[in-house]
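Peer 1: As a plain string of letters, each chain reads:
Number of protein chains: 2
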Amino acid sequence: MYDVARLAGVSQTTVSFVVNNVASAAISQETRDRVWAAIHALGWRPNAMARGLRTRHSQTLGLISDEVATSPYAVRMILGAQEKAWAGSQMLLVVNTSGQRDIEQTALQFMLERRVEGLLYATMYHHEVVPPPEIGLVPAVLLNCFVADRSLPAIVPDEQQGGYTATEALIRRGHRRIAFVNETIPMPALFGRLEGYRQALADYGLPFDPTLVRRCHSNAQDTFAVVRELLELPDRPTAIFCFNDKMAMGAYDAIKRAGLRIPQDVAVIGFDNLELIAAQLYPPLTTVALPHYEMGQRAVELLQTLSAGEQLPPIQHTIPCPLVERASI
Amino acid sequence: MYDVARLAGVSQTTVSFVVNNVASAAISQETRDRVWAAIHALGWRPNAMARGLRTRHSQTLGLISDEVATSPYAVRMILGAQEKAWAGSQMLLVVNTSGQRDIEQTALQFMLERRVEGLLYATMYHHEVVPPPEIGLVPAVLLNCFVADRSLPAIVPDEQQGGYTATEALIRRGHRRIAFVNETIPMPALFGRLEGYRQALADYGLPFDPTLVRRCHSNAQDTFAVVRELLELPDRPTAIFCFNDKMAMGAYDAIKRAGLRIPQDVAVIGFDNLELIAAQLYPPLTTVALPHYEMGQRAVELLQTLSAGEQLPPIQHTIPCPLVERASI
Chain D
28 MYDVARLAGV
38 SQTTVSFVVN
48 NVASAAISQE
58 TRDRVWAAIH
68 ALGWRPNAMA
78 RGLRTRHSQT
88 LGLISDEVAT
98 SPYAVRMILG
108 AQEKAWAGSQ
118 MLLVVNTSGQ
128 RDIEQTALQF
138 MLERRVEGLL
148 YATMYHHEVV
158 PPPEIGLVPA
168 VLLNCFVADR
178 SLPAIVPDEQ
188 QGGYTATEAL
198 IRRGHRRIAF
208 VNETIPMPAL
218 FGRLEGYRQA
228 LADYGLPFDP
238 TLVRRCHSNA
248 QDTFAVVREL
258 LELPDRPTAI
268 FCFNDKMAMG
278 AYDAIKRAGL
288 RIPQDVAVIG
298 FDNLELIAAQ
308 LYPPLTTVAL
318 PHYEMGQRAV
328 ELLQTLSAGE
338 QLPPIQHTIP
348 CPLVERASI
Chain E
28 MYDVARLAGV
38 SQTTVSFVVN
48 NVASAAISQE
58 TRDRVWAAIH
68 ALGWRPNAMA
78 RGLRTRHSQT
88 LGLISDEVAT
98 SPYAVRMILG
108 AQEKAWAGSQ
118 MLLVVNTSGQ
128 RDIEQTALQF
138 MLERRVEGLL
148 YATMYHHEVV
158 PPPEIGLVPA
168 VLLNCFVADR
178 SLPAIVPDEQ
188 QGGYTATEAL
198 IRRGHRRIAF
208 VNETIPMPAL
218 FGRLEGYRQA
228 LADYGLPFDP
238 TLVRRCHSNA
248 QDTFAVVREL
258 LELPDRPTAI
268 FCFNDKMAMG
278 AYDAIKRAGL
288 RIPQDVAVIG
298 FDNLELIAAQ
308 LYPPLTTVAL
318 PHYEMGQRAV
328 ELLQTLSAGE
338 QLPPIQHTIP
348 CPLVERASI
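Read top to bottom, the protein sequences are chains D and E. Numbering (my numbering) for the first sequence: 28 to 356. Numbering (my numbering) for the second sequence: 28 to 356.
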């Protein structure tokens, strides 16, 4: 800083004011330009830690997640959050904890010490969480999760609407016997999508037939077996709504093995819109997307509002899950 | 800090010495304990930015990537890097740039200002890069990429060995007519895997038949068409090595559509070991893994060695790509 001040012909205090953009200091534009020219000429990097100490603005948001950035399922949440942070001239720092509590504590401590202006607490799949209480020391938004008493703002996908949308898409193609192969682990997605399925049937005056609703582990192999059974029913379904895209892979195999065509004989719709699967399957899979990108964006947007000092109740946002049409229904 | 000093009955300077673990300060263990007890009693968080200013140890590593944490392909690199960093009591900060040069510059500046002790520069797929020159201001390791003149240390997958391993696995199952469906974009994976395929054939005394080597866009649909052609050859291949797992999905469909069985009639081997695809396909796909997790670990290991001050030439590490056996060969 001494060298910069000397080259620019100003005091070190003036350099400091310019670097930290202190509005109250009456410094002419000409002087500011001279200081920045000297900084660039000398290749000086103003020390952000020193600057942070004075301004208390780190221009940093933190994202603490279990496995979002280390698994392929929900990575687009990070993309959405990151792009929104960039748009607000903020960096998004990502730390994954693999769900380990001690690592989570250290990550949180680390981010608080670096004075992040807000925290996202994100999970790979939509479920209830008990975050460390220190999360409340800065503005915080839960992403793809929620606390039981809804005391923290949360951004989650609208599972029920998603289930409704999938079922409705099939009904609109003329299907009346629609099976739903659901997951076995009790979680919001299981209950929400089932509720949406039932609601869509009811709204369109179709009966709810419990023999058409099955549950199995959410993988292709187990779904293969379940769909085989469904196809052997005397009054077999003409459409199958699979809880996720992985399961749709198993449904495809079972349908093809039975000598039936997709979608002419049996339509299939998935959930998740995992491009790796949905776009590569033959025929390409029509599915309902988890709106991960938009969820990430909305979470940062809310965080920016909160860290600007706005007082808001702990809103629980549900983001719609859109239909992604390909060729399987 | 004032309150801590008063509660512990010591000066603020003593508190500072204890917090920053200044070895030269002759402070008794009893005093140190008293200071820490006061810190815990008051719930005080020593300011890391202030501490960083003095000690110059941020205990932080930075990972700047194009899309590693925002796409499903190489996320396990982050997991490997993160776990190795944690083992060294370091945080791994992840910033994605979506490949935008201005964002990359800002991210780099940001991390340098926060005095990261080392930088990983990572790419989603293995290719040549031109990183910003400032990367050399701290120890840096390239992850899944390399510079043309090999002047920076790099950790990359061993594409040639991977291609060899895939081909050899098929030869060992008795196959003599082995097709290779390669990618079209010229990159190390395309050349390396082809070279490995040729070398394995040569080592086992099998002829290289150019009609069995095809190239197409690396997706299921285009591979479906290519594999159909291969299966119509008068002397059709009994095994197909696909450049990646997505392409293997297309090969599966073509083989099943032709009324042939996997692996009894035609064996299929992939590359990448994308769990989402390989574990869900029927039969589950035997493939060669890109060693992303280990690459991340090795990169941080090297970074830790370099940031400890060790002088090393810019080593180019190639990490072996292991065979992952499932049921398709």
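Keep in mind that the hints were calculated from the coordinates and are not lab data. Don't take every hint at face value.
Identical copies go unnamed one by one, so any copy, or any two together, can satisfy a pair.
Under the rule of at most 25 Å between Cα atoms (straight-line distance), these lysine to any residue pairs were calculated in the SDA-like manner [as the list claims (entries may be wrong)]:
| no. | residue 1 | residue 2 |
| --- | --- | --- |
| 1 | Lys283 | Tyr309 |
| 2 | Lys283 | Arg325 |
| 3 | Lys283 | Leu233 |
| 4 | Lys283 | Pro311 |
| 5 | Lys283 | Gly36 |
| 6 | Lys283 | Arg263 |
| 7 | Lys283 | Arg204 |
Peer 1: In ascending order, which of the hints set out earlier in this document are inconsistent with the structure?
Peer 2: 2, 3 and 5
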